[in-house]
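Enquirer: Next come the chains, spelled out residue by residue.
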Amino acid sequence: MSPQPNQNGDAESAGDRTKAYWRANLKLLGKLLVVWFVVSFGFGILLQPFLDQFQFFGFKLGFWFAQQGSIYVFIALIFVYSHRMRKIDRDFGVED
Amino acid sequence: METSTLIYLFVGVSFALYIGIAIWSRVGSTKEFYIAGGGIHPVVNGMATAADWMSAASFISMAGLIAFLGYDGSVYLMGWTGGYVLLALLLAPYLRKFGKFTVPEFIGERYYSDTARLVAVVCLIFISFTYVAGQMRGVGIVFSRFLEVDIDMGVIIGMTIVFFYAVLGGMKGITYTQVAQYCVLIFAYTVPAIFISMLITGNPVPQLGLGSELADGSGMYVLEKLDAVLVDLGFNAYTESTKSMADIFAITAALMLGTAGLPHVIVRFFTVPKASDARTSAGWALVFIAILYTTAPAVGAFARINFIDSVNDTPYSDVAEVYKNYEDLGLVAWKDKNKDGKIQYSAGAPFDGKPDFDGDKRGASGERVITNEPTDNANEAYVDRDIMVLANPEIAGLPGWVVALVAAGSLAAALSTAAGLLLVISSSISHDVMKKTFMPHISDAQELRAARLAAIVAIMIAGYFGINPPGFVAQVVAFAFGLAAASLFPAIIMCIFTKSMNKEGAIVGMLAGLVFTFSYIVFFKFVSPELNMAENWLFGISPEGIGFVGMFVNIGAAFLVKRFTKDTPQDVQDLVEDIRVPSGAGAAHSH
Chain B
1 MSPQPNQNGD AESAGDRTKA YWRANLKLLG KLLVVWFVVS FGFGILLQPF
51 LDQFQFFGFK LGFWFAQQGS IYVFIALIFV YSHRMRKIDR DFGVED
Chain F
1 METSTLIYLF VGVSFALYIG IAIWSRVGST KEFYIAGGGI HPVVNGMATA
51 ADWMSAASFI SMAGLIAFLG YDGSVYLMGW TGGYVLLALL LAPYLRKFGK
101 FTVPEFIGER YYSDTARLVA VVCLIFISFT YVAGQMRGVG IVFSRFLEVD
151 IDMGVIIGMT IVFFYAVLGG MKGITYTQVA QYCVLIFAYT VPAIFISMLI
201 TGNPVPQLGL GSELADGSGM YVLEKLDAVL VDLGFNAYTE STKSMADIFA
251 ITAALMLGTA GLPHVIVRFF TVPKASDART SAGWALVFIA ILYTTAPAVG
301 AFARINFIDS VNDTPYSDVA EVYKNYEDLG LVAWKDKNKD GKIQYSAGAP
351 FDGKPDFDGD KRGASGERVI TNEPTDNANE AYVDRDIMVL ANPEIAGLPG
401 WVVALVAAGS LAAALSTAAG LLLVISSSIS HDVMKKTFMP HISDAQELRA
451 ARLAAIVAIM IAGYFGINPP GFVAQVVAFA FGLAAASLFP AIIMCIFTKS
501 MNKEGAIVGM LAGLVFTFSY IVFFKFVSPE LNMAENWLFG ISPEGIGFVG
551 MFVNIGAAFL VKRFTKDTPQ DVQDLVEDIR VPSGAGAAHS H
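Residue numbers (the numbering used here), protein chains in the order written: chain B, 1 to 96; chain F, 1 to 591.
Just chain B, same shape as in the assembly:
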């Protein structure tokens, strides 16, 4: 089913709107996946030996990201995505 026309959708076709919606989604996805990669593979693994020289409470910083920090960021990422997508869905008139 194609999306319902919305108030600013008269000029552009439904197909164009869907494409623009998909681009907006991919842009947001891309940004969040960069953060996902940086906190886990970056801070927790590749940069762990470097970050371990810094102390974070009783943790070495790289170790903390690997066993605690990355997980907290993962949760935040999903809720940020969910929240932002609701707005994007509304803006393009494709909310469910």
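Treat the hints with care, as some may be off.
Listed next, the in silico BS3-like pairs over lysine-lysine satisfying Cα-Cα at most 25 angstroms (straight line) [stated by the list, open to error]:
hint, chain 1, residue 1, chain 2, residue 2
1, F, Lys499, B, Lys27
2, F, Lys499, F, Lys354
3, F, Lys324, B, Lys31
4, F, Lys339, F, Lys324
5, B, Lys19, F, Lys499
6, F, Lys324, F, Lys361
7, F, Lys324, F, Lys354
8, F, Lys354, F, Lys243
9, F, Lys499, F, Lys525
Source of the hints: derived by calculation from the structure; they are not laboratory data.
Based on these hints, arrange chain F on the given structure of chain B.
Expert: Frame of chain B; chain F shown alone:
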């Protein structure tokens, strides 16, 4: 009350609760049986997903693994949580929008091919049976340790309980029992962790306790002390890596991608009302999972400290009773190499392989006699990592009701995961193989009967493997994740994110990823285990992490084949367009 009475009480009450829910949530249609009618609240679904996901391995084994692996254990923590980000961002909302019943069904329709659907069914069954055998074994071990029934009887009791709510209630019964099981297991995991964190650091929050100073007045941090003690005993420092960075990277990636490709997890997101609910629900699932996963590293570190304190340089006659119980089960062993009557614990294996006990014969200090040839290092203690979570409360001297809680919690973890797996196995048989491929004319009532029958057969097979575990159960865990990462995950991603991927490409891709990953693991684990070391590995990646490479093999093969074969038909391209926007999902389609 006696601890054993409390255990019977806690386990009995929790089982009665699960059976009660099963009877209350009986179902009458395939839609209810497969996806609980599609009307589960996102938070409820998140909780059920968490119980579905956290298995006997998460509950019983993970903290023990971390205790002995230290930093290297991080691969499980990041790998088994990071996959949820991929699920929420790349998979769940689109699969929910598609709105059918099973993962192979999605792959079959998107790639307009019965062959693609059947290949997906094969991947799904292999992944799920590998997993479920381990759960049944876990149930058996908990029963034998805490309730003193033998392992086989324990497996049969577990099968009966799962039979009740999986066969009667299908996805609906499973969803509500999983919510109850989540509450039981998370309470059972966190309560002892809080007690132990208080004892060791004085901080009641284990996540903070792990970063606090010890309560023994030494002024040292927990991890600092652990590093110092371990290095002193000849081990690697707790917070440092012993594996190559490439391997740690690949294992973490394979576990993340595999998590996002596990059918029993994906299918949970078919049960929420809307595509946008699938996103939030994945977030809630990860919140509920993270409560256990951020506690586990603290439990692991505290357990290692407790273990060293209570065992090293202690006369055998003085060690806690709990060790002797586990020695009777063959999970702990001691060989008094220097004949001083005290247990010395240090780096290296005390002898080759698992302990080989000489019947019930006892040695000079009363320990069980082992016939293995000792190694020439100073370590005398053998300990199975799996006992760490189960024994921890007893080692720390916690009250009986906490021990009983842990027994009920580990059973909840094993049963909830087993039920979820059995459901995806039975629905792929009755729906994808029978209804969708070979017997399209059966009625809804007949299909429901077939689904129940398939669930019964699947429970029997799982129980058989629980009672007669193939020697390789532990070694094939890598299979489940590697195969999911190399087969289902990339196939589903290409369903959504490319419009041009055609059936030939997808089928060849799945098979290429599957065969490559399967052969690599079989070669190093079974054909030539003596070659299983870093210098022989492809790019220095161990069999545990090879699914990561398998994913690229899959995608590469798929795009190569696509270039030389026919384009995707227009109606399938329209289907992809439709999946990408949330509007118009409504209730799940009925057939």
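Enquirer: Hint by hint, note whether the structure agrees.
Expert: A quick look at each hint next to the structure:
1. Lys499(F) <-> Lys27(B): holds, 18 angstroms
2. Lys499(F) <-> Lys354(F): violated, 52 angstroms
3. Lys324(F) <-> Lys31(B): Roughly 54 angstroms between the alpha carbons, so the hint for Lys324(F) and Lys31(B) is violated.
4. Lys339(F) <-> Lys324(F): holds, 19 angstroms
5. Lys19(B) <-> Lys499(F): holds, 12 angstroms
6. Lys324(F) <-> Lys361(F): holds, 14 angstroms
7. Lys324(F) <-> Lys354(F): Holds: Lys324(F) and Lys354(F) sit about 17 angstroms apart, inside 25 angstroms.
8. Lys354(F) <-> Lys243(F): holds, 23 angstroms
9. Lys499(F) <-> Lys525(F): violated, 38 angstroms
This entry does not satisfy hints 2, 3 and 9, going by the numbered hints stated previously.
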